[in-house]
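Hey, can you work out the whole structure from these sequences and the hints?
Line order of the protein sequences matches chains W and Z. Numbering-wise (our numbering), the first sequence opens with residue 1 and increments by one. Numbering-wise (our numbering), the second sequence opens with residue 1001 and increments by one.
If you're looking for bench data, these hints aren't it; they were derived computationally from the structure. Not one of these hints is a red herring.
Straight line, CA to CA, 30 Å or less: simulated DSSO-like cross-link-like pairs of lysine-lysine:
id, chain 1, residue 1, chain 2, residue 2
1, Z, K1029, W, K49
2, W, K191, W, K207
3, W, K203, Z, K1009
4, W, K191, W, K210
5, W, K49, W, K177
6, W, K78, Z, K1029
7, W, K82, Z, K1029
8, W, K78, W, K49
9, W, K210, Z, K1009
10, W, K78, W, K191
11, W, K203, W, K191
12, W, K207, Z, K1009
13, W, K49, W, K82
14, W, K177, W, K191
15, W, K177, W, K82
16, W, K191, Z, K1009
17, W, K177, Z, K1009
18, W, K203, W, K177
19, W, K78, W, K177
Residues of chain Z clear of chain W, computed beta-carbon distances all greater than 12 Å:
id, residue
20, A1043
21, L1046
22, V1049
23, S1050
24, W1052
25, A1055
26, V1056
27, L1063
28, C1065
29, Y1070
30, S1072
31, A1073
32, S1079
33, E1088
34, S1094
Heads up, the beta-carbon is just placed ideally off N, CA and C, and yes, glycines get one too.
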Amino acid sequence: MLSIAPAACAPLELSAARPQIGAMEPSDAELIAAVLAGDSSRFEPLVVKYQPRIFATARRYARRESEVEDIVQEVFLKAFQKLSSFRGDAPFEHWLMRLAVRTCFDFLRAHQRNREATFSELTEPETDWLERFGAAPDACPDDADAARQLVGRVLFELSAPARMVITLLEIEERSVKEIAELTGWSAPLVKVRAFRARAQMRKILAKMAKDKYV
Amino acid sequence: MNLSDLQAKLLRVARANPPDAAVPYAFEKRIMARIASPRPESAWALWGVSLWRGAVACMAVTLLCAFWAYSSAQRQTESAANFSQSLEATVFASMDQPVEDSW
Chain W
1 MLSIAPAACA
11 PLELSAARPQ
21 IGAMEPSDAE
31 LIAAVLAGDS
41 SRFEPLVVKY
51 QPRIFATARR
61 YARRESEVED
71 IVQEVFLKAF
81 QKLSSFRGDA
91 PFEHWLMRLA
101 VRTCFDFLRA
111 HQRNREATFS
121 ELTEPETDWL
131 ERFGAAPDAC
141 PDDADAARQL
151 VGRVLFELSA
161 PARMVITLLE
171 IEERSVKEIA
181 ELTGWSAPLV
191 KVRAFRARAQ
201 MRKILAKMAK
211 DKYV
Chain Z
1001 MNLSDLQAKL
1011 LRVARANPPD
1021 AAVPYAFEKR
1031 IMARIASPRP
1041 ESAWALWGVS
1051 LWRGAVACMA
1061 VTLLCAFWAY
1071 SSAQRQTESA
1081 ANFSQSLEAT
1091 VFASMDQPVE
1101 DSW
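Shown next, in the form of structure tokens:
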């Protein structure tokens, strides 16, 4: 008969293994209050917490990684400088996202190039994807690299307001009210810009299809 | 090719492929270093600040000049009134005097 006896265990080391009860992470409000009181170092946890989200947002609007980093840096520097204007009636993340979207919009406007580029520079995979779409639209995969590159090309050709509204409304699927709050535009302006953006996008696609004789 | 379908398809592709949320190593240190170090002011920023300060100073000078002009005008009005009274008194003084049979 087996005797099941508890194995002799070494006493648990509680001090190092278990996290200290009570040392909870400070909330955003506490960190903000500390920064406003003069302790700038308390801004770092806020940066660490929100920088992935801000990087993802910036990557929707900038192609080069150096530009993305510049945008994110600009967002956080502005956030630090304007922290006293944060009233706390909405989550800090919303306020920060508003700042990020507006910084991205400023970036788009500053980097608006001549958008008369032709689509003769399409790569072979992109051309193949387009031709496959023309032949069988449903058979074209959504996750193809060529499709992603084509989307990037089309978005790049849009004007700054059109790109912003298409990204927020159609890609991120935000509501008109959310977009109005993020951008500072009125709701009717968002709708007008959305209408124009869709028309602009169709015009670009028509030019693309015409250039490739697809 | 149906452009509306192509547009919808490309937007679906964009939705299905969100951008990467990767962060460069120690990026927060870079931000904190920028916050800690005094930023060199750009020439345009300094120019803008100087313009604003100049505008405030000009406004103050303008207000002072306006006040001075207004108070001067008030004094001139009073002195003009005194002058006109004196002139009138002088002109009509001869009429007020009794005519003497000097001829």
